[in-house]
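Now for the letters of each chain:
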Amino acid sequence: MNYDTTLRPNRRQALSLGAAGIGAMVLGTSIVPAYAKNDAEELIKKFTGGKPATEGKVNLDLPEIAENGNTVPIGISVESPMTEQSHVTDLLVVADGNPRGGVAKFHFSPASGVADVSTRIRLAATQNVTAVAKMNDGTFYTTSKQVKVTIGGCGG
Amino acid sequence: MADVKPRIKLDKKEAKKGEIVEVKALVSHIMETGQRKDSKGEVIPRKILNKFACTVNGKEVFSADFEPAISANPYIQFKFKAAESGPVVLTWTDDDGSKIVGEEKITVT
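Going down the list, the protein sequences come from chains A and B. Using our numbering, the first residue of the first sequence is number 2, and each one after it goes up by one. Using our numbering, the first residue of the second sequence is number 47, and each one after it goes up by one.
In case anyone wonders, no lab produced these hints; they're calculated from the structure. Hints may be right or wrong, so weigh each one.
As the list claims (entries may be wrong) - Derived lysine to any residue pairs resembling SDA-like cross-links, with alpha carbons at most 20 Å apart:
hint, chain 1, residue 1, chain 2, residue 2
1, A, Lys106, A, Leu61
2, A, Lys106, A, Ser145
3, A, Lys106, B, Lys70
4, B, Lys127, A, Lys47
5, B, Lys127, A, Ser145
6, B, Lys55, A, Pro74
7, A, Lys106, B, Asn96
8, B, Lys125, A, Glu42
9, B, Lys55, B, Leu72
10, B, Lys63, A, Glu85
11, B, Lys55, B, Lys127
12, B, Lys55, A, Arg121
13, B, Lys70, A, Leu63
14, A, Lys47, A, Tyr142
15, B, Lys127, B, Glu150
16, B, Lys62, A, Pro82
17, A, Lys58, B, Lys125
18, B, Lys55, A, Ser119
19, B, Lys70, A, Val115
20, B, Lys83, A, Asn71
Construct all of the structure, not just a fragment, from the sequences and the given hints.
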């Protein structure tokens, strides 16, 4: 075990940390959107080319409360017939409270049959997860969902 | 990391033409974010699988770009429309350019 002893707080530090922690918890519930600042918005803008995305058509399956931010199950599906005439081409997923906004980008074609994907993601803190779907006709649809995270998922 | 064997499961081995086949896959990988620091305070360099693709009989049916926000030992579940029999090949690409490849078979009747 190469446990770093300098990381072990002494009693005084532990006490002050505890107090700060409680303070942060109390504050945390009220100022969630305030620290939502990373490149998530820019990523969406780049993805849509500045076009507006309509709410809907995208279903985001995420837990309301994630106990472990290291591995949060996420399922995304987009309502589309997935034919040559009308299908989803790309799907962008961003999280606005992680150190970096990008989560994943998925690419579909009519050969996919349905636009339905699941994976597991890291969430550093309570935040909003947004999925944006690009259709083959150049329109965009989006859905957002907030996930409350009790233990962050970005380590150190 | 070259000998990692991904676990792949198709919900059916045989499908009628046009039927939807579900694929679940799990692969062992650290997915180091590049955000963490070691005990000396130095940043641990990023090492993730950044690309995933699935081909059926040589034709791509689904692909993905992963960011560090994808959990360690990435799990992916997706679907494709059965069109023709052939190998279902799943490929993950590492930051260092190495590839992890897994294969299953689908018979379309």
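Quick check: which numbered hints come out false for this structure?
Per hint list: 4, 5, 8 violated.
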